Amino acid sequence: MQQFFDFKRNPQGAWVGIALVAVALIVLPWVLAGIGTAWVRITNLAILFVLLSLGLNIVVGFAGLLDLGYIAFYAVGAYVYALLASPHFDLHLPFWIILPLGAAVACLFGVLLGAPTLKLRGDYLAIVTLGFGEIIRIFLNNLSQPVNLTNGPQGITLIDPFRIGSFDFAKRETILGLDFTGPVKYYYLLVLVVIVIIVINLRLQNSRIGRAWEAIREDEIAARAMGINTRNMKLLAFAMGASFGGVSGGIFAATQGFISPESFVLVESIMVLSMVVLGGMGNVFGVILGAVLLSFVPEVLRYTVEPVQRALFGRMLIEPEVIRMLLFGLALVLMMLYRPAGILPSALRKRELERK
Amino acid sequence: MTPGHRLELLTAKGISKRFGGVHALSDVDFTINHGEIYGLIGPNGAGKTSLFNVLTGIYSADGGAFVFDGLSLAGLKPNDVAARGIARTFQNIRLFANLSALENVMIGRHVRTHANVFGAILRDAKTRAEEQAIEARAHELLEYVGVATRANTLAKHLAYGDQRRLEIARALATEPKLLALDEPAAGMNATETASLKGLLGDIRRDGTTILLIEHDMKLVMSVCDRVLVLDYGKKIAEGTAHDVQKDPKVIAAYLGGEVTLNMKGAA
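Residue numbers (this note's numbering), protein chains in the order written: chain A, 784 to 1139; chain B, 178 to 444.
What the hints contain is simulated information worked out from the structure, not anything from laboratory work.
Each hint should be verified, as a subset may be incorrect.
Unchecked claim - Heads up, simulated SDA-like pairs for lysine to any residue below, C-alpha to C-alpha not over 25 Å straight-line:
(1) B/303 <-> A/986
(2) A/902 <-> B/196
(3) B/303 <-> A/980
(4) B/190 <-> B/222
(5) B/374 <-> B/323
(6) B/254 <-> A/903
(7) B/254 <-> A/894
(8) B/333 <-> A/1124
(9) B/303 <-> A/979
(10) B/354 <-> B/320
(11) B/333 <-> A/1118
(12) B/354 <-> A/1002
(13) A/954 <-> A/876
(14) A/902 <-> B/197
(15) B/303 <-> A/982
(16) B/254 <-> A/1014
(17) A/902 <-> B/274
(18) B/303 <-> A/993
(19) B/354 <-> B/381
(20) B/333 <-> A/1121
(21) B/254 <-> B/354
(22) A/954 <-> A/825
(23) B/333 <-> A/1128
(24) B/412 <-> B/226
(25) B/354 <-> A/1004
(26) A/902 <-> B/257
(27) B/395 <-> B/411
(28) B/333 <-> A/905
(29) A/902 <-> B/268
(30) B/333 <-> A/849
(31) B/333 <-> A/904
(32) A/902 <-> B/235
(33) B/354 <-> B/323
(34) B/254 <-> A/1018
(35) B/412 <-> B/428
(36) B/395 <-> B/323
Unchecked claim - From the structure, some residues in chain B lie toward chain A, with a derived Cβ separation under 10 Å:
(37) 265
(38) 284
(39) 299
(40) 332
Please read all numbers here as calculations on a predicted model, not as lab measurements.
Even for Gly, the Cβ is constructed at its ideal location relative to N, Cα and C.
Next comes chain B alone, as it looks inside the complex (with noise of 0.2 Å):
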């Protein structure tokens, strides 16, 4: 198979890392394919969100190491992570928060873009006409995850629901071949939490695979192809989302026992 056309987009190879005497993740292996929404649950201090942290090259891992569209990225910095093409939003929001929305989705253009100090300073016509391009994509990107009405508004001013979005959007500007979205939908209600849905259907029919750790259990039985289950850094359990909530270490890791996990209204 050509590189373009492999089935796989991520592979985690035996992903290992350790805080001290605690062990945040031992030994993940997992496979996202192209095209997939996949989801990442498992019960706080799981090792989620360190497993996004090393995914993304904020931590190294202590072992294994990820392949992502057929290269190794072990040891590469985040921004490196980022040029290769997987953008992430963050469980407490980081956006920009003293620069308007527009501009929080113009810095995500950065990675795909070139003008340099004398491109800036000198401002010729292809410094202006990329100038142009990224602020017209930023917008195109604001319409897209509907903050469009609030470009002007700082980033910090916006409702809680239009910061998870503008982090999104700020992520696809980037053009990731793979969003890792750290719990978008936590503390949304529940119309958010259904256009939200709307938006990562939107965005998986356009092209980008999805990684998302959620709390949300109807969000990610009804929108995931495909969940993994971590619990104290392990992983627990990996299918699709009809066979996972009913798999006992599953139900016993959320609930400690052997109780039936309501999930009533997942799809």
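Chain A extracted, bound-state conformation (with noise of 0.2 Å):
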């Protein structure tokens, strides 16, 4: 992927590269609305998937800190988001406040999970984060009592939408001719935070900051010994990944107009994690793959299966649900047989090919 956008050694090459991309994401909601709205609003929540895959890669994939309890700041910053925006307090702050807002919460949140661990690695780590994620949901689930905080698992229904003036992402309007429905306004809102995340983590990990967090991946000890300040940069890792979560969640909450515990739930976490993993720790183009392909693949099942097996077996012989359990078993023994290290492993890999 990066040798297409090799701005040093192809500067042409990448502006057309990029172009393509360009037109190819403006096109994009257009033909899939063609197809029916239901996958716009699939491709908004794998966009969401993304930005917390990208977020979840700078804590794993460039820190190397094992967590699996990161739908916990998703659910963080979405809840913020929520409270502050619905009928529940009868509270509607701008979202321009509570997405910056929802970030800093969930960054604050990252800051109190990563002090007390960071003498921890690996397993250790992956379970006390795997703890952390499970309270904060058992909180939202049970905050309804004293005092209704959080509304329990019934959720917090009727969150605002994004809006800017009279301009309100969940309405549909005709601009320049063209029917732009609320999905559609929220994917180009979406493709825009994921460029500027995307832009975050490139920059970070091609600087003395990604470095640094490379160097305690490595080996924490020698880092310590070359003067980096392993547990600053420890909790910086956590409060970026966390911070990057909240500004998910609130978009999710926004797009959804309803949010209750049962979406933070453990497997969500243990799905980011997979997307991470899939696609290539620590590179940014294959987390972003990672998360598209999980987050498509499963849709993708649900709308084929059902008339594929009706047009071969005249009936229904195994749920979309099974075969998606199946495929990503089998995904995952093909996986660590052929590409332990991701689809696409990260730049270091290479650039040593390369030389060779």
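The task is to assemble the complex, starting from two chains supplied on their own in separate frames and drawing on the hints.
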């Protein structure tokens, strides 16, 4: 992927590549809307997962800290947005205030998780983070008493969509003769956010900070002996990853209009981690690919498995959900055997191959 | 004397370290002067590496303290010690195995550079200039230790001797006043050791003091100005290489009896 966007060696090619990607991204929702509006929603959800994976990639891919409770930050971001922009407390703050606030609160929770776990690595860290994710979810489930803070398992409904003045992201309207539905508007917003977060990821990776994280991932003792303040750098990784999760959560709440603790279960954390690992830990483009694949494949299955089986056998033999799990298992085995570092492994190994 | 002109760079006062009932270090005193190559020798298990680990903050001392460049190192974390100007290598090489040689050295520049998250994300002119300077300096250091042709090779794929040199380059990138080397010649052949000797001379000439743990007596005796001998965590001798190798206690520690230590070839 990177070689197509190598500005140093091939500036023209890079611009052509970027132009093509840009055109594809602009046209995509209209093509999808032609198939069905549901697909635009599915795409939006996929982009949210790309955001989440990129956030988790900072913690897991760059700094090497295994986090199994990442979805908690998504939950925190979503609930901050929902509580401050819904009839629940009758607060309706604008999104450009709540979204950064959600990121900041998630960031704070990231530090809260990071601080006591600084000395843990690998399995031990995974267990603590897993517990943390569950604690957040259980809190959300139970904070309806004595003061009704989160409305418990019923969740929060009628969450405000994004609004800029009179421009409402949830309303359908016609601009320049084109029919903009709510999901299409959110799509463009999400693409903008994802581009910003990709740039942040890439720049962080190739910086003094990114190298410090890599050093910690490789050998913490050597990193400390080289003068890297591992405590601050780990907290920074947790904080950055968490704030990306918080932003994604806020957008999720706004697009869905309804959230409940059920959306933030352990399986979701594992899903995001799978996206990072499948695509290629530490490689931004690999992670994006992993997130897109794992978000779309189940949906494609949902829409194709039934008609295909009916056409072939006259009736449905295997449920889409079953096929999905079978495919996941198969993918897991194949990955272990053939691409243990992910579909697009991080750039370092590629560079190594180039030299030889 | 003003701090910048003092003769001694590092003073160890009564350093002790216990692991349970084992006295890894008992009351060790020594002084390293500016511009010296100071040797630290002793049989296996004598406490050499423990001394390194206490010095660099990986272990905290049970007694005594180091004074480095006029300030105590007591209670400092490894990263603070590195910031004060002590860089080290490890007996069992600890490079960042999956990063390139160049990146290993660039990471060494971390402690002397300043870009924060905002600089990294916004990539302003100052940060870009700093990045270029980091990379340029890293290339210089690879050149200096003689691994420049392998700059883009992953550290784990380097030849053993090159890994040792890369570790020295990475340590030098932190601009140390004192470079602490833990058995840099271990596993090297005679040619590699000879060129290492040249490198140590260059580093000293360029103004960095060296503390050297080494088992290769020929190397120790030929490059070190003074040598400290540890045995069972205690200092048993200190002095010029010439004097130390005649010390009966040293000979006994190494060979367990009254045998003459063969140090032919020592300068």
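Evaluated hints:
1. This hinted pair checks out: residue 303 of chain B and residue 986 of chain A have alpha carbons roughly 15 Å apart, not beyond 25 Å.
2. Taken as a hint, the residue 902 of chain A and residue 196 of chain B pair is honoured in the structure, with Cα atoms around 21 Å apart against an allowance of 25 Å.
3. Straight-line distance between C-alpha atoms of residue 303 of chain B and residue 980 of chain A comes to about 22 Å, which keeps the hinted pair within the 25 Å bound.
4. Between the alpha carbons of residue 190 of chain B and residue 222 of chain B the distance comes to roughly 21 Å, so the proposed pair stays at or under 25 Å and holds.
5. The suggested pairing of residue 374 of chain B with residue 323 of chain B holds, with an alpha-carbon distance near 13 Å, which does not exceed 25 Å.
6. This hinted pair checks out: residue 254 of chain B and residue 903 of chain A have alpha carbons roughly 18 Å apart, not beyond 25 Å.
7. For the suggested pair residue 254 of chain B and residue 894 of chain A, the alpha carbons sit about 21 Å apart, so the restraint of at most 25 Å is met.
8. Under the criterion of a C-alpha separation no larger than 25 Å, the hint pairing residue 333 of chain B with residue 1124 of chain A is consistent with the structure, at around 17 Å.
9. Our distance criterion of 25 Å between C-alpha atoms is met by residue 303 of chain B and residue 979 of chain A, whose separation comes to about 21 Å.
10. Restraint check for residue 354 of chain B and residue 320 of chain B: the C-alpha separation of about 20 Å stays at or below 25 Å, so the hint holds.
11. Between residue 333 of chain B and residue 1118 of chain A the alpha-carbon distance is near 24 Å, which keeps this suggested pair within the 25 Å criterion.
12. Straight-line distance between C-alpha atoms of residue 354 of chain B and residue 1002 of chain A comes to about 24 Å, which keeps the hinted pair within the 25 Å bound.
13. The straight-line distance between the Cα atoms of residue 954 of chain A and residue 876 of chain A is roughly 18 Å, inside the 25 Å bound, and the hint therefore holds.
14. Distance hint between residue 902 of chain A and residue 197 of chain B is fulfilled; the C-alpha atoms sit about 22 Å from each other, no more than 25 Å.
15. Taken as a hint, the residue 303 of chain B and residue 982 of chain A pair is honoured in the structure, with Cα atoms around 19 Å apart against an allowance of 25 Å.
16. Simply put, residue 254 of chain B and residue 1014 of chain A have alpha-carbon atoms about 11 Å apart, close enough for the 25 Å limit, and the pair holds.
17. At roughly 22 Å between alpha-carbon atoms, residue 902 of chain A and residue 274 of chain B fall within 25 Å of each other, so this suggested pair holds.
18. Note on residue 303 of chain B and residue 993 of chain A: the hinted pairing holds, with a Cα-Cα distance of about 17 Å set against a maximum of 25 Å.
19. With a C-alpha separation of about 10 Å, the suggested pair residue 354 of chain B and residue 381 of chain B falls inside the 25 Å cut-off, and the hint holds.
20. Restraint check for residue 333 of chain B and residue 1121 of chain A: the C-alpha separation of about 22 Å stays at or below 25 Å, so the hint holds.
21. At most 25 Å may separate the alpha-carbon atoms for a hinted pair to count; residue 254 of chain B and residue 354 of chain B meet this at roughly 17 Å.
22. For the proposed pair residue 954 of chain A and residue 825 of chain A, the alpha carbon gap of about 18 Å is at most 25 Å, so the pair holds.
23. Restraint check for residue 333 of chain B and residue 1128 of chain A: the C-alpha separation of about 17 Å stays at or below 25 Å, so the hint holds.
24. Among the hinted pairs, residue 412 of chain B with residue 226 of chain B is consistent with the structure: their alpha-carbon atoms are about 14 Å apart, no more than 25 Å.
25. For the hint pairing residue 354 of chain B with residue 1004 of chain A, the CA-to-CA distance comes to about 20 Å; that is within 25 Å, so the pair holds.
26. Between residue 902 of chain A and residue 257 of chain B the alpha-carbon distance is near 18 Å, which keeps this suggested pair within the 25 Å criterion.
27. In summary, the hint linking residue 395 of chain B to residue 411 of chain B is supported, as the alpha carbons are separated by about 23 Å, within the 25 Å threshold.
28. For the proposed pair residue 333 of chain B and residue 905 of chain A, the alpha carbon gap of about 22 Å is at most 25 Å, so the pair holds.
29. The straight-line distance between the Cα atoms of residue 902 of chain A and residue 268 of chain B is roughly 24 Å, inside the 25 Å bound, and the hint therefore holds.
30. Of the pairs offered as hints, the one joining residue 333 of chain B and residue 849 of chain A holds, with about 23 Å between alpha carbons and a cut-off of 25 Å not exceeded.
31. Of the pairs offered as hints, the one joining residue 333 of chain B and residue 904 of chain A holds, with about 22 Å between alpha carbons and a cut-off of 25 Å not exceeded.
32. Among the hinted pairs, residue 902 of chain A with residue 235 of chain B is consistent with the structure: their alpha-carbon atoms are about 14 Å apart, no more than 25 Å.
33. Annotation: proposed proximity of residue 354 of chain B to residue 323 of chain B holds, straight-line Cα distance about 21 Å (limit 25 Å).
34. A C-alpha spacing of about 17 Å is found between residue 254 of chain B and residue 1018 of chain A, which places the hinted pair at or below 25 Å, so the restraint holds.
35. Distance restraint check for residue 412 of chain B and residue 428 of chain B: the Cα-Cα separation of roughly 14 Å lies within the 25 Å cut-off, and the hinted pair is therefore satisfied.
36. Straight-line distance between C-alpha atoms of residue 395 of chain B and residue 323 of chain B comes to about 22 Å, which keeps the hinted pair within the 25 Å bound.
37. Annotation: interface hint on residue 265 of chain B holds; nearest CB of chain A at approximately 6 Å, less than 10 Å.
38. Because the closest C-beta pair between residue 284 of chain B and chain A is about 5 Å apart, less than 10 Å, the hint holds.
39. Of the supplied interface hints, the one on residue 299 of chain B holds, with its beta-carbon coming within about 8 Å of a beta-carbon of chain A, less than 10 Å.
40. Taken as an interface hint, residue 332 of chain B checks out: its beta carbon lies about 9 Å from the nearest beta carbon of chain A, inside 10 Å.
When each numbered hint is compared with the structure, no violation occurs for any of them.
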